[in-house]
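First to last, the sequence lines map onto chains E and W.
The first sequence begins at 1 in full-length UniProt numbering and counts up by one.
The second sequence begins at 1 in full-length UniProt numbering and counts up by one.
Hints are supplied without guarantee of correctness; some may be wrong.
Unchecked claim - List of simulated lysine to aspartate or glutamate pairs, EDC-like, C-alpha gap at most 20 Å:
| no. | chain 1 | residue 1 | chain 2 | residue 2 |
| --- | --- | --- | --- | --- |
| 1 | E | LYS123 | E | GLU99 |
| 2 | E | LYS123 | E | ASP134 |
| 3 | W | LYS190 | E | ASP105 |
| 4 | E | LYS130 | E | GLU87 |
| 5 | E | LYS123 | E | GLU87 |
| 6 | W | LYS280 | W | ASP51 |
| 7 | W | LYS280 | W | ASP220 |
| 8 | W | LYS190 | E | GLU103 |
| 9 | E | LYS126 | E | ASP139 |
| 10 | W | LYS375 | E | GLU249 |
| 11 | E | LYS83 | E | GLU270 |
| 12 | W | LYS190 | E | GLU270 |
| 13 | W | LYS88 | W | GLU338 |
| 14 | W | LYS358 | W | ASP341 |
| 15 | W | LYS161 | E | GLU249 |
Stated by the list, open to error - Some chain W residues well away from chain E (every beta-carbon gap over 12 Å; in silico):
| no. | residue |
| --- | --- |
| 16 | SER42 |
| 17 | LEU84 |
| 18 | LYS152 |
| 19 | GLY154 |
| 20 | GLY167 |
| 21 | GLY179 |
| 22 | GLU211 |
| 23 | GLY233 |
| 24 | LYS243 |
| 25 | LEU279 |
| 26 | ARG306 |
| 27 | SER335 |
Derived by calculation from the structure, the hints in this document are not laboratory data.
Predicted model, so just to flag it, every value in this text is computed and none were measured.
Even glycine gets a Cβ: it sits at the ideal position worked out from N, Cα and C.
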Amino acid sequence: MAAIFHGVGAAASLSLSPSNSFDSNKSVFSPRRSFSARKGASFAVVRSEGTVNLNLKGRRAQQLISNAVATTADSIDASSSSKPGHELLLFEALQEGLEEEMERDPRVCVMGEDVGHYGGSYKVTKELAKKFGDLRVLDTPIAENSFTGMGIGAAMTGLRPVVEGMNMGFLLLAFNQISNNCGMLHYTSGGQFTIPIVIRGPGGVGRQLGAEHSQRLESYFQSIPGIQMVACSTPYNAKGLMKAAIRSENPVILFEHVLLYNLKERIPDEDYICNLEEAEMVRPGEHVTILTYSRMRYHVMQAAKTLVNKGYDPEVIDIRSLKPFDLYTIGNSVKKTHRVLIVEECMRTGGIGASLTAAITENFNDYLDAPIVCLSSQDVPTPYAGTLEEVTVVQPAQIVTAVEQLCK
Amino acid sequence: MALSYLRSSSSRSANLLKPLSSGLSLRSPISTDTTPITVETSVPFTSHRCDAPSRSVETNPKELLTFFRDMALMRRMEIAADSLYKAKLIRGFCHLYDGQEAFAVGMEAAITKKDCIITAYRDHCTFMGRGGTLLEVFAELMGRQAGCSKGKGGSMHFYKKDSNFYGGHGIVGAQVPLGCGLAFAQKYSKDETVTFAMYGDGAANQGQLFEALNISALWDLPAILVCENNHYGMGTAEWRAAKSPAYYKRGDYVPGLKVDGMDALAVKQACKFAKEHALKSGPIILEMDTYRYHGHSMSDPGSTYRTRDEISGVRQERDPIERIRKLILSHDLASEKELKDIEKEVRKEVDDAITRAKESPMPEPSKLFTNVYAKGLGVESFGADRKEVRATLP
Chain E
1 MAAIFHGVGA AASLSLSPSN SFDSNKSVFS PRRSFSARKG ASFAVVRSEG
51 TVNLNLKGRR AQQLISNAVA TTADSIDASS SSKPGHELLL FEALQEGLEE
101 EMERDPRVCV MGEDVGHYGG SYKVTKELAK KFGDLRVLDT PIAENSFTGM
151 GIGAAMTGLR PVVEGMNMGF LLLAFNQISN NCGMLHYTSG GQFTIPIVIR
201 GPGGVGRQLG AEHSQRLESY FQSIPGIQMV ACSTPYNAKG LMKAAIRSEN
251 PVILFEHVLL YNLKERIPDE DYICNLEEAE MVRPGEHVTI LTYSRMRYHV
301 MQAAKTLVNK GYDPEVIDIR SLKPFDLYTI GNSVKKTHRV LIVEECMRTG
351 GIGASLTAAI TENFNDYLDA PIVCLSSQDV PTPYAGTLEE VTVVQPAQIV
401 TAVEQLCK
Chain W
1 MALSYLRSSS SRSANLLKPL SSGLSLRSPI STDTTPITVE TSVPFTSHRC
51 DAPSRSVETN PKELLTFFRD MALMRRMEIA ADSLYKAKLI RGFCHLYDGQ
101 EAFAVGMEAA ITKKDCIITA YRDHCTFMGR GGTLLEVFAE LMGRQAGCSK
151 GKGGSMHFYK KDSNFYGGHG IVGAQVPLGC GLAFAQKYSK DETVTFAMYG
201 DGAANQGQLF EALNISALWD LPAILVCENN HYGMGTAEWR AAKSPAYYKR
251 GDYVPGLKVD GMDALAVKQA CKFAKEHALK SGPIILEMDT YRYHGHSMSD
301 PGSTYRTRDE ISGVRQERDP IERIRKLILS HDLASEKELK DIEKEVRKEV
351 DDAITRAKES PMPEPSKLFT NVYAKGLGVE SFGADRKEVR ATLP
């Protein structure tokens, strides 16, 4: 355990080779390419009996950094000027996506607390009020139930509001509007009304924010019929998902994470969107399928480095689409690796992982060599104390142990 | 109930009666006479933070006869729904509007189909007022394909998009923020139209109502909140639920008007006034003093929390259809017999519609999965085998 906390510091670094996720998402409709070459990786071949042939690099004692949230400059491979695209932080990517959609379609408007003059509590809507005016970027009073309802009512007439919950947890106050009106109106009106609303906001466990501000609403909303849920995890998919969500005719809930707003990545200059129902192949592999989303993706990638050094070859998929699940990508992966590990930040009971476990078991039971392992947060209110909070969520060391057990 | 004081601006002529007495056609034509008649409302308006409109309402024979016909149709429809429910053809919830018809017709007379209306679950007559047909109503109530929501909504989910009727909502009070959202969209698109967001005395105590009112007043939205005060929130009388049952005053900084909701002409006057106000100066609350003869819904007899005397008393003194009938007769716009004929016609129309609705089939099982998501632009792929075709995004 001690090794995990040793690396905790102000500048936590994340090494996520940008080219991996970049290539497979280059364009929305590109056929799936499986590529086996990975930059700078140490290879290990594991045969099905479990014996391992390591290459010459050997095993390094990997220091696991549990609070992987921000990139540092060294993780960007080449110098900024030679690569195409532009570099930005995740919240800037969201802002860019939002701004581009607002320019493109005059029906898009933003509603939320402090989104206008203040610029957004996480700066996602910075400068938008100055550019588009008060009627399109609306500061609401603190009344989630009613302004979410108003957004839905406006969407019924054809406007495309983007409703921001300052923290996803506050949207619990608007649960009735989201469930009954947002999700169900298309159905109960016999198809007369569509609700092209986007509800977005940061959620998840942050840095000692306390129980009420560390909630994972995806587990509460997942049963609502008629809505789509997506979770962004990189600047690339944040911008892409934001744009796709705004263009979608269905109500979409976009889950952002409080700790991921300062992630830096180089994204393309051209207009692109990410498919709302597709999962993202982060790292192809052979031994085990690790399904994750949002912040846990980074814990998984951290663990993947250790696993690779230990000789495992995990396939990491960022599921991105929480409702509906991309069972196609997931299924193909399960058929290849026969082992599944789900790493999520939701609580064990009734979380996304629980539903995903059920979905995979129902659809792909024949392909599984071992029971699905689901690592989730503990079923407790998130404590304030830092040490306790660490233990509440899944840490990379646990992921490594789980994979080792799974691949025995 | 004293007859309205009559001040007719033009001399009554016997010609008014002629168009009504053709016995050959199945449907007696409503008089197309639009000679203005001025009628005084039975009760003056009470206002809060605004100047009440005048008690003198301009109307004409055509309008009065249309009121009579429409209200008779609504009344007959609701009574028929009652029988259908008892015959177990309508299941679940069925909230009937009889007694409150004056509001639905009076409001329609003051506005256009471009103005939006949103209401709660007592929506059958409001839907009719917006241009819905009897077939759509009965088919939806019986869960058939010909229903306005294809049988998938039910009694509480009537919608008519092309005439801006936004439903039809089951959760008490939830439609008010939606209504303010409609008003926001109207302001956004600079439509010069208004939204009537209706709710009951029971919903008047919901927090989201005041939240939405605050935002509407802040943003100057053309929202008209109408409290249809039938004095009982299901089984709880208003004085037991609200510390201040003066619902028109509950908006505090928002002006309000209290109206006799069983006088169709007063309703018309108030709605006209409200529309002008909303377009100029933002939200306004209308309180309609009305009454429902049936219980809250079909499972409520309606007599455990109020006396039968009270119900019959209101029926005798304030019934909206009787009021219009007396007005028509006193102005000689039609004879007793003609009005009775209209009622007979209406009865037949309702019976025909029920027969046709019964013939409409139940929805296909495959329809269970339609309209969960909007296809095409939104959803691209679904399921483990991606059976859905990928759509091209613009």
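Going down the list of hints, with the structure as the test:
1. LYS123(E) x GLU99(E): This hinted pair holds, its Cα atoms lying about 13 Å apart.
2. LYS123(E) x ASP134(E): Holds, because 17 Å separates the two Cα atoms, which is no more than 20 Å.
3. LYS190(W) x ASP105(E): 16 Å, holds
4. LYS130(E) x GLU87(E): Violated, because 24 Å separates the two Cα atoms, which is more than 20 Å.
5. LYS123(E) x GLU87(E): It holds: about 17 Å lies between the C-alpha atoms, which stays within 20 Å.
6. LYS280(W) x ASP51(W): Distance of about 14 Å is within 20 Å: holds.
7. LYS280(W) x ASP220(W): Roughly 9 Å separates the two Cα atoms, so the pair holds.
8. LYS190(W) x GLU103(E): 19 Å, holds
9. LYS126(E) x ASP139(E): 13 Å, holds
10. LYS375(W) x GLU249(E): Given pair LYS375(W), GLU249(E) holds - Cα atoms ~8 Å apart, limit 20 Å.
11. LYS83(E) x GLU270(E): 14 Å, holds
12. LYS190(W) x GLU270(E): The given pair, whose Cα atoms are some 34 Å apart, is violated under the 20 Å limit.
13. LYS88(W) x GLU338(W): 35 Å, violated
14. LYS358(W) x ASP341(W): Given pair LYS358(W), ASP341(W) is violated - Cα atoms ~26 Å apart, limit 20 Å.
15. LYS161(W) x GLU249(E): Roughly 16 Å between the alpha carbons, so the hint for LYS161(W) and GLU249(E) holds.
16. SER42: Non-interface label stands for SER42(W): nearest chain E Cβ at 35 Å, farther than 12 Å.
17. LEU84: Since the minimum Cβ distance to chain E is about 20 Å, LEU84(W) lies beyond 12 Å and the statement holds.
18. LYS152: 6 Å, violated
19. GLY154: Non-interface label on GLY154(W) violated, nearest chain E Cβ at 8 Å vs cutoff 12 Å.
20. GLY167: With a cut-off of 12 Å, GLY167(W) comes too close to chain E, as the shortest Cβ separation is near 7 Å.
21. GLY179: Violated, because the least Cβ-Cβ distance between GLY179(W) and chain E comes to about 6 Å, which does not exceed 12 Å.
22. GLU211: 4 Å, violated
23. GLY233: 18 Å, holds
24. LYS243: 22 Å, holds
25. LEU279: 16 Å, holds
26. ARG306: About 30 Å separates ARG306(W) from the closest Cβ of chain E, which puts it past 12 Å; holds.
27. SER335: 42 Å, holds
In summary, the structure is inconsistent with hints 4, 12, 13, 14, 18, 19, 20, 21, 22 from the numbered list given earlier, while agreeing with the others.
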